[in-house]
Structure formats: structure tokens, C-alpha cells
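Assemble the whole structure, with the sequences as input and the hints as a guide.
Top line first, the protein sequences correspond to chains C and G. What the first sequence shows, in my numbering, is residues -18 to 419, in sequence order. What the second sequence shows, in my numbering, is residues 5 to 144, in sequence order.
A few of these clues could be false.
What the hints assert, rightly or not - Partner residues are not named here, just some residues of chain G that face chain C (Cβ under 10 Å, in silico):
id, residue
1, L29
2, I43
3, G47
4, D52
What the hints assert, rightly or not - The calculated EDC-like cross-link candidates involving lysine to aspartate or glutamate, where the alpha carbons are at most 20 Å apart (straight line), are:
id, chain 1, residue 1, chain 2, residue 2
5, G, K65, C, D47
6, C, K52, G, E49
7, G, K67, C, D120
8, G, K65, C, D126
9, G, K67, C, D294
10, C, K49, G, E94
11, G, K67, C, E121
Hints listed in this document are in silico derivations from the structure and should not be mistaken for laboratory results. For glycine and all other residues, C-beta sits at the position ideal for the given N, C-alpha and C.
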Amino acid sequence: MNDKRRVAITGVGVVTPAGNDVESMWARLNSARSCGAPITTFDASGFSTRIAAEVRGADALPLTGDRKLLKFGNRSHRFALVAAEQAMADAGVAPTARDRHRWGCVVGTGMMTVSFDELASVQANAAPEGELDAAKVLDEATSNDPMAFCRSQSTAGVSLLTKRFGIAGYASSVHTACASGGQAIGTALRAIRRGAVDRALAGGFDSMVSPVGLAGFCLLSAVSADNDAPERASRPFDATRNGFLLGEGAGFVVLEEWGAAVARGARIYAELAGDGNSLSSYRITDSHPSGDGPIQAMQRALRDAGAAPSDVDYLNAHGTSTPMNDRSEAAAAAVVFGADVGNVAVSSTKSVMGHLIAAAGAVEAVVCALAIQRSSLPPNANLRDVDPDCAHLDIVRDAPRERRVRVALSNSLGFGGSNSCLAFRHPDDTRALVEAGR
Amino acid sequence: MAAEITKAQVDEIFPTVAKTIADALGCELDEVKRDASLIEDLGAESIDFLDLVFRLERAFKVKIPRGKIVEDARGDLPEAEFEQKGVVTEAGLARLRQFLAEVPADRFKAPLKATDIPRLFTAETFAKLVLRARAEQPAA
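Okay, here's the thing in C-alpha cells:
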């Protein structure tokens, strides 16, 4: 026997460009039809990139029935509320007065805090000539709106969620750019393992489909400018790839201490078995061509899960479709899996739904949980000519592949050099381990 | 001090005040009765009052100093005679009863903590607040 507390995934919820619930998203991912399209939420005609994968609909009001709560939230917070509501309902468990102090909440928060409209209002009214006029600030609408202040705090998302569900045990907000969602779920895993809480709501949310968000990625040449073929813009591992497709959305999971989940007869999608993190400490926006950084994250996730590289059947790649990321990640896979690399099926679901930034790792954790539960791997869309540097990968192309997954990995690699890898195990295999006293 | 506020004046602006309260508190418009306590009946929390005053300023294009209701209620009574150790004095309570005449009398219960004064505020309290702010606003 050992005293390791294992953690089960018992609820999942998503808001994505590929669908605003788990089943719609899963069907769209399996169709291998990308969500890239011209931007509709603002006039992007002056930008070098005028395409994105936008969320449509996802109204939080019918699900939460709490109109007041919504005034504290921006677009990405509303996505978070919807996805979290789905995950909690799916798990069929919620904090009670008796156990709310044994619940935690960890979120990967969006990069943008102040909305573009609010920034624009302050600029237009209080700094029309560029210099801030202090006297005008006092009369300016956004500066005087207490709700704008609440919405623009980076803690707003976690506050809304803990309030909504009455979670009172532990909370944290993670922001490590594109690694945020994965690291948030890993942080929740560790909180349960060390006994701080028994259950947690964990995930990520983001929306950078805005003039400020898009402008930054355009300046970095990080986004594909294939404005004439938006459905082909995201093509991870393709030799002609030229940048990512900006997405938005939220993903949440409900995590439970394994014994507690089993005791209440919960449906378990997968064991959240391992959390691996590393720092590249290389360049702010470049990944190391050797895969240094992601290598250590993947190795640590496997070690944390007590799994060997040869146990891995599926890798949900970070796979952004930037020239640099995919090459570096493919190099990392070659090192981690060695001679077994050809046995690991790989796909980047960003090929369909785009890059959800701080939400990406969380939504992709949901994808891994579903892949294990359904023994089905979603395809990597838009792959025509595989980059020779990625040719050693067994990429799931064009259509889903049936395969029982013993262990799945999900990579989330962030600007600034934060690398996250989560490991997931088939629940039947975990049951066998538990029965064997491991 | 501004002239007495008439019922007709309150009637005139109340629909807009009620709509603004409903928006700020996320409640239904028909819940916003004139004598509804924003805290007790409509679930307002402290930040909602800041939000509501901000929204009323925009809706009526008036400046409303924060804390104006209690300041106006206290009037010329020195602060030390209005409340002591956080509790409203007899004299203070008398001022409040008179000033918040729209609040049903049975809701004034001694001892009243100063921090609980906002529990008394009704939808009509905010209509009167707008009218006073408007009357005191220097002509443009």
C-alpha cells in the first residue's frame, strides 16, 4: 500500500469555437473541419491577420440564472461560467455547507484584463491628445465605473467561480501565457494530492480576439495571415504552416480524490495521473529548437504518473502551427519517446479550434479525457505535406482513429518559457493499480 | 438646503430609477417596489451601491457625492452627536426617521449600527437622492 492520493476526472465542460458543449466540440473535432473564419466581433480590416476562430453564442444567463453575477465578468469570464457550469453538472456533485471547505478552484486566466472598449474610452475622453489629463479622468465613464475595475482584475474569474459554486477551500489563479490552463489543472491535482482539498474545479478561459490582443500577435508574426483561406490557416506539422489561428473559449474539469469519486459511484473519465512543468529560460517568445524545456515537462509528467514512455498511446500536442513550435515539440517527442516515438499517436486539435491561449491546456485536457473514455483519437486537420522535421511522428490525419489509450499526454507550452505537460491514465488501468495496492 | 421634494417629482423619475436599480442588481423590474429595501429585499451588497450611484449619475447626468445620503441625513448635527462607537444615537435615529420618511417606521430599530444604515435604503431613497443632487447642481 502507499498513501498516494490519486485524482479522478469526473466532470468536463467546454466553450470553444468548435462548439459550446462537449458533444458539439467532439463532433466538430472529428469532422476535421477547421473553425477559422473572418473576424466578426470587431472590424479587423486594418490588420495583417483578419481571421480567427470565434466563439458563437455561449450565453451564461440561462445556465447560471444569475444576471447580477454577470456584471462582474467580461467575455472570457462568461465563457468560464458556462464551461464550469457544464463540468459541475456533468460531475453531478457540488459543494455543500458541510464540505465546501474541502473544495478548491484553480484557473488559468486570460491574458487580457482591461477590455479594448474600456481602454478606448479612457483614451478618447481623458487623453484625447495622447497626454493623460488628470482632471478629465475624474469625469471619464470607465474610470468611474466600479464594475469596470472589478471586471479588469486578473482575479475576477476565480472570484466569480468560487462565488457561483460556493467553493471555500482553496483557490489560485495561474497565468503563464499559453501554459496557464494545463498548469492550473496540475496545480489543482497537487492541492488534492497533498490533502488541502478533496475536490476541485479547474480549468482556463481566455479571449484575445480583440484589437489589442490581435495586434500583439500580428506584430510578433505569430498568427497565420492566410486571410483568403481561413479554414486552412491552422495546419500543425505541415511543411507550409505559417502561424497559429487565434481562438477563444474556456474548458473546465471537476477533479476528485479517487476514493471519494469511487465511493459516490461517480463516472470517471480518466485518472489525472501526472503533472510536469519546466522552464525553458531561453528566449521570451522562441522555443528552443532542440525541444529543451518541453522534454523535461513531458518526462516529469510521466515520472509523476509512474508511467513509462512506452505506456503512452496518445499525445495531444501543443501543436500551434507556428514554424518554431511544432519543430521544437517534434524534437522533444523524439527525445522523450526514443525508439517508441512511432507508437505514439499525435494530433493537435488546434488544427480545428485554433489556439485558445490560456484556455488551451484546459480544453485539451478535456479532449484527452474524452479520448480515453471513448477510445478514439481526434484528428489533426489540414495536414497535406508533413514537415520533414516532424516526419517521425505518427500523426492522426483527416479522420479519428479508434484506439484504446492507456496513457495520454497533453502539452501546453507558453510564451515566456513555461512548459506544462499533463498525464492521463485509463480509469480501468488505475482501478487495477489501486487493487494491486499501488 | 433644497426645497421639499414632492411626490410628483418622485413619480416623474421613479420609472428610470427603478430600471437603473434592476439593471444594477440583476433583478426583475417589478421587484423594485418603492419601499423595497435594496439590501434586505433585493440582495444588494456594498459594491452595488457604488455601481448604482455611478449608473444614476449617467442616467440623470448629475454628480452624486458618495456617502451623500447619510451626510444629508446628519445635516448640521455634529458627527459625535449622530453616532457614538459605531452606534447611531437617539438624536441620530430621529434625524434618520425624519430624513428617510419613505422608509416604513417599523424598520428603524434601536440600537442601529452606523454600518447598518444602508439596510434602510429603499428604491425611493435613491429617487430622492437624485432629486436632491439635481437641485443642488449648479446651473450649467
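Tested hints:
1. L29: 6 Å, holds
2. I43: Result: violated, 13 Å to nearest chain C Cβ.
3. G47: 8 Å, holds
4. D52: Holds. Min distance 8 Å.
5. G:K65 <-> C:D47: Between K65 (chain G) and D47 (chain C) the Cα gap is close to 29 Å, so the pair fails against 20 Å, i.e. violated.
6. C:K52 <-> G:E49: Within the cut-off at roughly 13 Å; holds.
7. G:K67 <-> C:D120: 10 Å, holds
8. G:K65 <-> C:D126: The given pair, whose Cα atoms are some 14 Å apart, holds under the 20 Å limit.
9. G:K67 <-> C:D294: Judged against 20 Å, a Cα distance of about 65 Å means the pair is violated.
10. C:K49 <-> G:E94: Status violated; Cα separation ~37 Å.
11. G:K67 <-> C:E121: Between K67 (chain G) and E121 (chain C) the Cα gap is close to 12 Å, so the pair holds against 20 Å.
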